[in-house]
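Protein chains in written order, with the numbering used here: chain A, 691 to 1027; chain B, 20 to 125.
Treat the hints loosely; a few may be bogus.
Straight-line alpha carbon distances no greater than 27 Å define the calculated DSS-like cross-link-like pairs of lysine-lysine that follow [to be verified]:
hint, chain 1, residue 1, chain 2, residue 2
1, B, Lys29, A, Lys942
2, A, Lys931, B, Lys29
3, A, Lys942, B, Lys41
4, A, Lys939, B, Lys29
5, B, Lys41, A, Lys931
6, B, Lys41, B, Lys29
7, B, Lys41, A, Lys875
8, A, Lys931, A, Lys853
Covered stretches of chain B, as calculated for chain A (at least 3 residues, CB under 8 Å) [stated by the list, open to error]:
hint, stretch
9, 25 to 33
10, 49 to 55
11, 75 to 87
Worth flagging that the hints you see were computed from the coordinates, not collected in a lab. Glycine residues also receive a C-beta, built at the ideal position from the N, C-alpha and C atoms.
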Amino acid sequence: MNKNIVIIGGGVAGMEAAKQLLSLGYTPMIVEKAQSLGGHVASWYKLFPDMTPASAIVDQLRKDISGANVFTGTKVVSISKDRESYAVVLDNGVSISAQAILFATGFSLFDATKKEEYGYGVYDHVVTNGDLEAWFNGKADKRISSSPKAVGFVHCVGSRDLKAGNSQCSKVCCTTAIKQAIEMKEKFPEADIYCFYMDLRLFGKKYEDFYINAQRDFGVHFIRGRVSEVGETIDGRIQVKAEDTLSGKPLKVQLDTLVLMSGMVCNKSVGELAPQVRLDMDDDGFLRSKDNIYDILRSNRPGIFYAGACTGTKTVPETLAEARAAAVEIHNYLRNG
Amino acid sequence: MADFGFRLSKSSTLDLDRIDTKVYDRLCDTDPDARTCMACGSCSATCTAAPFSGMSMRKVILGLQRGQDVRPMLSNCMLCGKCTMVCPRGINTRHLILSICRIYDR
Chain A
691 MNKNIVIIGG GVAGMEAAKQ LLSLGYTPMI VEKAQSLGGH VASWYKLFPD
741 MTPASAIVDQ LRKDISGANV FTGTKVVSIS KDRESYAVVL DNGVSISAQA
791 ILFATGFSLF DATKKEEYGY GVYDHVVTNG DLEAWFNGKA DKRISSSPKA
841 VGFVHCVGSR DLKAGNSQCS KVCCTTAIKQ AIEMKEKFPE ADIYCFYMDL
891 RLFGKKYEDF YINAQRDFGV HFIRGRVSEV GETIDGRIQV KAEDTLSGKP
941 LKVQLDTLVL MSGMVCNKSV GELAPQVRLD MDDDGFLRSK DNIYDILRSN
991 RPGIFYAGAC TGTKTVPETL AEARAAAVEI HNYLRNG
Chain B
20 MADFGFRLSK SSTLDLDRID TKVYDRLCDT DPDARTCMAC GSCSATCTAA
70 PFSGMSMRKV ILGLQRGQDV RPMLSNCMLC GKCTMVCPRG INTRHLILSI
120 CRIYDR
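Produce the entire structure from the sequences given, and follow the hints as far as they go.
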């Protein structure tokens, strides 16, 4: 079909939407700023709640979209309205007249250095959830102890934190922390693993079972209290202070590695593109859907659509479902004009 | 010691590196479900002894996890078993109490 569809972002949302659009007879174009497709999921190790290898999902999607036009290592420089179409200019000099654009731009991990009191980038053994996944995937990281006696996870880093500029719950980090706690316990059965949480928000399919497994089968210690400050001991270990709110007492513990569960914020590069076509931002810092209940995949501009974490925190299956639905929305839009 | 008119208070901080959790660890060997407590408090809310004695099964489990002596609190339990009926995680709390007593008796 003689319609150009540009998908901005080659993560799982962009790839799944491309796959569906291919099956509807279109030849979509994916523009991905990184050197390869897959987005955040490609750098993840395993996915909750079934410990599915993330690479299995990404590899399958890569095969499924072999018919699409893919530009990796390429950024969108500008988007402008051109009568019924949009002129999309890429940094490799290509410009496209697109009848539809899908924002599948996803999220950025909250910058943990903003929570200075947790010592990311200050102390030697503080990492983020993203760093830990990369390490699970085989990337060397000397901040992560190879024979830890104790490892801690801090929930809600840059989430539910008005002062850090992100008052929302990032939704997936509780389950991710439990997943990573189990993975660490599997690697280091003798280590004590602590999760410091405010609430455990385990809303999804089988997440609660995951929590029970972490408690019963892996003996992960859950401590209800937000970590207030992190320090370094004279022998280079990490000391954490929190309130044990269940007993109403201050609590401290020394750890060999501290993992910060960084939350999700809207992809920073959206800030450059959105104003060019006057896309609205929602109060939570993500792109604003036409309606947050019945029109989440449409923007305030005709022909521009959203899928995945560009409109808010999403899990992988939620993102894939939105991408499939967005392909149908785009199809209906192009067919009906 | 000389009376200076003031004294130092003992720190109330729980230092997880110094606590002794062997009673809790032994309990988990015989009753692994103890680990699945999520501190919801329904056991304590339904406890017949709680309003008169401060008995709280939630605090008993937490106390063991924090290495505290829970015998004074446990001595208030009348073993009625209502806590077991309400536990949403299906923990046999009445059995836990008996197991804890057995560990202390040893």
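Going through the hints against the structure:
1. Only pairs whose Cα atoms come within 27 Å are accepted, and Lys29/B paired with Lys942/A is accepted, the gap being roughly 15 Å.
2. About 18 Å separates the Cα atoms of Lys931/A and Lys29/B, which keeps this hinted pair within 27 Å; it holds.
3. Taking the CA atoms of Lys942/A and Lys41/B, the gap is about 19 Å. The hint holds against a cut of 27 Å.
4. For the hint pairing Lys939/A with Lys29/B, the CA-to-CA distance comes to about 13 Å; that is within 27 Å, so the pair holds.
5. Distance check on the hinted pair: Lys41/B and Lys931/A sit about 23 Å apart at the alpha-carbon level, within 27 Å; holds.
6. In summary, the hint linking Lys41/B to Lys29/B is supported, as the alpha carbons are separated by about 24 Å, within the 27 Å threshold.
7. At roughly 20 Å between alpha-carbon atoms, Lys41/B and Lys875/A fall within 27 Å of each other, so this suggested pair holds.
8. Annotation: proposed proximity of Lys931/A to Lys853/A holds, straight-line Cα distance about 20 Å (limit 27 Å).
9. As drawn, the stretch 25 to 33 of chain B meets chain A at 3 residues by the rule of a beta-carbon pair under 8 Å; at three or more, the given contact holds.
10. Residues of the stretch 49 to 55 of chain B with a Cβ under 8 Å from some Cβ of chain A number 4, which satisfies the need for three, so the listed coverage holds.
11. Under the rule that three or more residues need a Cβ within less than 8 Å of chain A, the assignment of the stretch 75 to 87 of chain B holds, with 6 such residues.
This entry satisfies every hint, going by the numbered hints stated previously.
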